[in-house]
Amino acid sequence: MISALPPAAAIFLAQGTGGESRSLFRDLFGAGSGWGSFASAVLGFAVVFAVASALPVLFTWAERRVSGRMQQRRGPNRVGPFGLVQAVADGVKLMFKEDIIPANAERFLFALAPGLVLAGMIAAFALIPFSERAIVVDAPLGVYLLAALLSLQVLGVVMAGWASNNKWSLLGAMREAAQMVSYEIPMGICLLIGVLSFSTLSLREMSLAQADGWLNVGNWLIFRNPLFAFPAFVVLYVALLANTKRAPFDLPEAESELVSGFHTEYSGIRFSFFFLEEYASMFLVSALAVCMFLGGWNIPFLPGSVVTGSVGAEILAALVLIVKSFALVFVMIWLRWTLPRIRIDQVMNLCYKYLTPIAFVCLIGTCWWELR
Amino acid sequence: MSAEILAFLVLATATVAGGVVTLWSRYVVHSAFGLMLSLLGVAGFYVLLGSDFLAVTQVVVYVGGVVVLYLFGVMLTPPDREERSIRRIAVAGIFAVAALVVLLKAVFGMEGRWYGVDPDRGPASGGAVIREVGNAFMDKEAYLLPFEIASVLLLVALVGAVFIARREGGRGS
Amino acid sequence: MNRRDGFAGWVRNLWDGVFSTMVGMGITIRYFFTKPVTVQFPEEKMEVAPRYRGIHYLEQDLCIACRVCEKACPIDCIEIRFKRHPGGVNEWFEFSLDYNKCMFCELCCIPCPKSCIHEGREYSMVRYDRSELVLDLLTWKGMREVDLRTIKEAEEEKKRKAAEAAARRAAEKAKKEAAAKEGDPGKPRKKETPGKRDPEGGGDER
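Taken in order, these protein sequences are the chains called A, B and C. Using my numbering, you'd call the opening residue of the first sequence number 365 and step up by one each time. Using my numbering, you'd call the opening residue of the second sequence number 264 and step up by one each time. Using my numbering, you'd call the opening residue of the third sequence number 919 and step up by one each time.
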């Protein structure tokens, strides 16, 4: 069946078939010393990289169009139909801009930071199950690994902020560190709710477990356990919003106070790495929330058994996941153009006094719900 | 050369280089980033050895947590201009040599392969490990008591931190 | 944040936060579905005020090249070059306005005896170079067919008049001679008058 697919999709789908004794190393390198599976893993990552760098193109366009419409403007509409190619033009512009490293910057760390941030994000992309078999690395530890990779982002940001040798960059980095470390708590707890509901860490198995049910949505976590999983979903969404440094949590790059925070000194292609990371991680965290709470690739109102198995079904499933994630990304954009940036004390208040207790209540409630 | 050996060598280089940077750098921030590299290398070793759970935990706890807090602390602290006294170096040297001896003894006393997973003695991996770890934590016969003691310790630390943070300000909110 | 104590205060804060966010999102989504108010400038233009003073336009066929506007302009941004031809025809070379200088005071339009220069509704003056901002208001340069015809007619008319005058003179002369022959020299001799002012008079070039 795989041979019937176009090559890229075949690589995409060839990964991630279940087994008993699985480990990340064996997933990537094959048991023993399989260079072949290593090569296919590299190709898988290449596909993921392409997806991860194509999405920001779409999202920057969406962001600018949506923000335009919310402000009764039109947004970009000159380059290509509906201005769709605008982001490509901007990307090309960024590539050809001068790459400046400030004289007093820490050259090595300055150059390393954007790459670190981007690499972590792309690695995390490999863990998203787009459909039952379209997943680059189906790690049994999926969610946990994803949380680890998300928590790695902060290091790149702090590195960038420190290496820039600029007070605004440093302040932005400090805020980022404080914010990330704080919001990891509610985020982790909410992810735990998904984990203990499905008693698996694998995002793929979670999505599988959410198939069928009433109208094929009944098994989605927010409908299966509406009392606790829905607030948990909201808390997770807010925490992920903070994790991606999106407004109203964009304190690390608050342009009205910190110029542009940790990437003040960055220009050209290095800046575009940060930019890429921000927009790609919007999709990443949305996809994470979708896989856990909104039924992953399962199509609403259409029983999974009807469309399982064929290549078309896999592609349809991937599209469904992408559409669901886009919906969450749209809400992110919507929130950004609705809410003003909140103060750092409000950020901390929200995290420690509101989100964390709610998350704990939801966790305990979910325990009761599942043991009921 | 198999992928495992190559991965081992790369990881070993990264770990040792990170350690060297941690020790020898004149900037504390560089030390922290060196530590990050070293810890990531160790996490890579865990992956190589087939214990993904441990590797991810290493990343979450040490790289994503401890190093970030180090960096946070380092950035808030003024640089230490104190001279390196002979006494301090001597004390550090004694500990280093002792640790080295223990390590070398462990390395030379080791059986089986020096890299990667021994096919005969590979650990259970993936989801099974998590289940085992979880069961072990909740098992009266196994680690329930240490687990609970650790939880209480963390709770005490948390309460203490809150207490210290609130003592000076007195304003509350 | 308001000071609200206890669990009830916590719940109220939470409710306020969620509720106000929802209200805000409601507003933004409402605007999301309204039509943008943007005017796509080069393609669409906004309607200007009824008495807007924009770039001038000249009703060239009315203009008599009296140069009053040129004299009225307080900053000398109007420049007119033309040549007068017979029959009141002007051969146009230039009627330019320097919009680097022009301040749209409308003082050129007020004194125009033929009301043929106006300030229009066109306001876009984007150019790549300042020299391009010196606009010529002429709709045609030189002369039109009709002008040439007018000149020709005028010249023919002149010739005809001249011929007529000559004929008249000749007739008069003949009359006079006849009278003289009759021996009536009483009438003084009339001074010759041209039938018309010389139309070729004021051609002026600069």
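Calculated directly from the structure, the hints in this document are not laboratory data. Just so you know, even glycine gets a beta-carbon here, dropped at the ideal spot from N, CA and C. Just to be clear, a hint being listed does not mean it is correct.
[Claimed, not checked] If you anchor each label on the Cβ, the simulated ranges turn out as follows:
#1 Y716/A with G942/C: 37 to 47 Å
#2 D923/C with V422/B: 14 to 24 Å
#3 R351/B with D923/C: 17 to 27 Å
#4 Y290/B with G676/A: 55 to 65 Å
#5 I947/C with T276/B: 20 to 30 Å
[As the list claims (entries may be wrong)] Selected chain A positions facing chain C (in silico; Cβ < 7 Å):
#6 R428
#7 R429
#8 S431
#9 M434
#10 F635
#11 T702
#12 R705
Q) Quick check: which numbered hints come out false for this structure? A) Of the numbered hints, 1, 3, 5, 6, 7, 8, 10 and 12 do not hold.
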